[in-house]
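Note that the sequence shown covers residues 1 to 93 in full-length UniProt numbering.
I should point out that these hints are in silico values taken from the structure, not numbers from a laboratory.
No incorrect hints appear here.
Now the in silico label distances, taken between C-beta atoms and shown as ranges:
#	residue 1	residue 2	range
1	Q70	M26	25 to 33 Å
2	T39	S14	13 to 21 Å
3	G62	G29	40 to 48 Å
Each residue gets a CB set at the ideal place from its N, CA and C atoms; glycine is no exception.
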Amino acid sequence: MNAYEVTDLSSGTSVQFRPVMYEDCMNPGNWKTIEAEKTEENGIVRFRSAEHDLLIPERELGRYSIREFQIEPVKPSRRKGCIPCTNCGQCGW
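Turn these sequences into a full structure, and let the hints guide you.
Shown next, in the form of structure tokens:
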């Protein structure tokens, strides 16, 4: 799956857009993936993932370094004994 790292060259800050896996809390054992995506529309480049959303006008793309790479999403580690329960779905309840 595709992942992206966007670095602002003027400030040196970078953001990573990665695919995210999560377990459906209503159907334990059923894993879903939210992919990172890059779209170009109306002169705007958009990077989007489950955690981040970034819009860059095409005329400002020179200010950014964009690196695309392949990555396999990783299942989050399961937590044990969450009291009180937060219904996150990671324990299978």
